[in-house]
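Chain order of the listed sequences is A and R. Under our numbering, the first residue of the first sequence carries the number 1, and numbering increases by one thereafter. Under our numbering, the first residue of the second sequence carries the number 279, and numbering increases by one thereafter.
Hints listed in this document are in silico derivations from the structure and should not be mistaken for laboratory results. A couple of the hints might just be wrong.
Simulated pairs of lysine-lysine, BS3-like, Cα-Cα distance not exceeding 30 Å [stated by the list, open to error]:
hint	chain 1	residue 1	chain 2	residue 2
1	R	356	A	270
2	R	312	R	358
3	R	561	A	218
4	R	391	R	352
5	R	358	A	3
6	A	20	R	358
7	R	355	A	69
8	R	514	R	312
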Amino acid sequence: MKKTTLSESEYIIKEGKIVKIRKLTEYEKSFEIVLAGGESLDHEPGQFVMVSIPGVGDAPISVSSSPTKRRSFELVVRRVGKLTDALHKLEEGDSVGIRGPFGNGFPVQRLEGNDLLFVAGGLGIVPLRSLINFVIDNRRDFGRVNILLGCKTPKDMLFGDEVEGWSERLDVNFTCTVDKSDPDWKGNVGLITSLIPGVNLDSERTFAVVVGPPVMYKFVIKELLKKDIPENQIFLSLERHMKCGVGKCGHCQIGEYYCCQHGPVFSYDKIKDNVEAL
Amino acid sequence: MQQYVTLEKEDFNEFIRRLAKIQKVVAPVKRGVKNFAFEEVTSGEDISLVYIPTILPPKKYFMPQREELVEYNKKEKKWKAKLEYENLTIFGVHTCDLAGIQCLNMVFSDKPKDINYLVRKNKIAIIGFECNFYCDEYASCKVVDNHLPNGGYDLFFTQTLEEDLFIVHINTVLGESLVRETKLFTKTTEEDMKKLQAVRDRKKEIFKDEVNVDYKGLQPLYAKSFEAKVWEDLDKRCVACGNCTNVCPTCYCFDVIDDINLDLNTGVRYRRWDSCQSEEFAKVAGGESFRKERGQRQRHRYMRKFNYPFKNYNRYFCTGCGRCSRTCMAKINLKETTNSLVEEEKQIIGNER
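Required output: the full structure, derived from the provided sequences and hints.
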């Protein structure tokens, strides 16, 4: 008896054309991508896409640009594995496969009208940038905005020009720090947690949005709780290994949640008792 | 509407022969000592009517071990989604495995739906088969309430205690058409229904809760057990081979892999069964692993059977088939793990007093 083949599935992959590549640091590159036919990705800040390179595989990459920029979107990729290695070898004009956007993204509607405290450590600025720029593009819809940014050394700082732009704005309080200084650095030196006590905030109406390496979360959350920010007003974006992006393959499971479906953004009260989350 | 028909035992071989003429039939076949496997059959003589759970559960027909998802052409920048299926009848599915298929149905129809699975599942006819005997010391189908039929089949066969007759429940129109097309069934009499009841009555005698906790108690027991010592014990014993997840009727995790042809241009993307017991499974690029220890990974497996699905799907994803314990090289045993948790909890409560 014969096998029948259909050409339909949820694994439909769209063609994304790389229109611009920027080298940000030794290990990170930014890829500006336009979907075939000029279709908008239509993502929420904090969502991710599955990026495919035929013959290599696919991997989840968070969208770094704000959805207010509709014609193209940006992915910022650190060269760290098989797929990202192959991605770094591509050139402007080349194509990648795109599935998604996936995940819940940041709870933009809940944030509206409230004060925001952004805490980004290392590569955490990449997904958080989609929300920061969204907030800046819709600035009057939000209360006070504080941005705390930390990275290892001044050389690791991503989006230098853009970050400078944030620091010059009257309607944004921006502070950054590096773990290790170099001779030209004039700013703060120390871990990102050292910046939190100094922030002047109204805890009842402040929503903290934290993105960074796994090790950072515990320490940052401790400081935020000391500031009396309610647990359900602290949002984290978690990173996990993913194969499908649609809540099936099991790789991204965090206790009862699938990071790709229920996350990657979780409020702290939802995951604080989950032993595998942080 | 309850519909039952009967099939004489002596017509059984002919029934399978006629069934196989409609479409491919697979059924449990003997494979050495105490080993059985679902394989293609053309006559009833091929089938083992008395069998303990097959090496692999029937999930292999619903989500193949290797399944191609996408065909690509690099030069043409083309991705073509692919979905392959085959019309199939599975005969002889025990109630534990019927439950397993029901679990998979829930997962893959959860949004976003898995079209590959859902299309394939509707091309498969399922004929269940009642267990009149208790499999072995590894089974725990009673405590998870899977020892009696609970839907999920097109036809369901029960052999009478006299072993001369099958009483067959018709559950779907597809099941009815199989009965009609094979032309070997007769209507049931009141006497036949009494025989069916006799089977069920005797099962009540044989099937008892296998562990020291009841159906309702399993989820709270596991939900409280994250810090239990049992996991440390399993950490020392588990060899992370992944046998337990491969043979589990409700383990559905997979890996997605690209193959490229020798032309270095065309190829396929496929998915294949994966195991949360391997260390790589939850490792992110850069090396961070979120379940580094074997004990944590075993705990994860148990939580995925007794805790998480109860919250998400309101049922256990352990069907009680016993395959994981039967196959474990380190003799990790699901009933022992559960009973150890019960003991540990008793001690904690004792200490608190």
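Okay, the hints, checked on the actual structure:
1. R/356 x A/270: With a Cα-Cα distance of about 41 Å, the restraint between residue 356 of chain R and residue 270 of chain A is violated, given a limit of 30 Å.
2. R/312 x R/358: 44 Å, violated
3. R/561 x A/218: Holds, at roughly 20 Å.
4. R/391 x R/352: With Cα atoms ~28 Å apart, residue 391 of chain R and residue 352 of chain R stay inside 30 Å; holds.
5. R/358 x A/3: Roughly 18 Å between the alpha carbons, so the hint for residue 358 of chain R and residue 3 of chain A holds.
6. A/20 x R/358: Holds - the C-alpha atoms of residue 358 of chain R and residue 20 of chain A are around 26 Å apart, at most 30 Å.
7. R/355 x A/69: It holds: about 26 Å lies between the C-alpha atoms, which stays within 30 Å.
8. R/514 x R/312: Answer holds: residue 514 of chain R to residue 312 of chain R is near 29 Å, not above 30 Å.
Violated hints, in rising order: 1, 2; the structure is consistent with all others.
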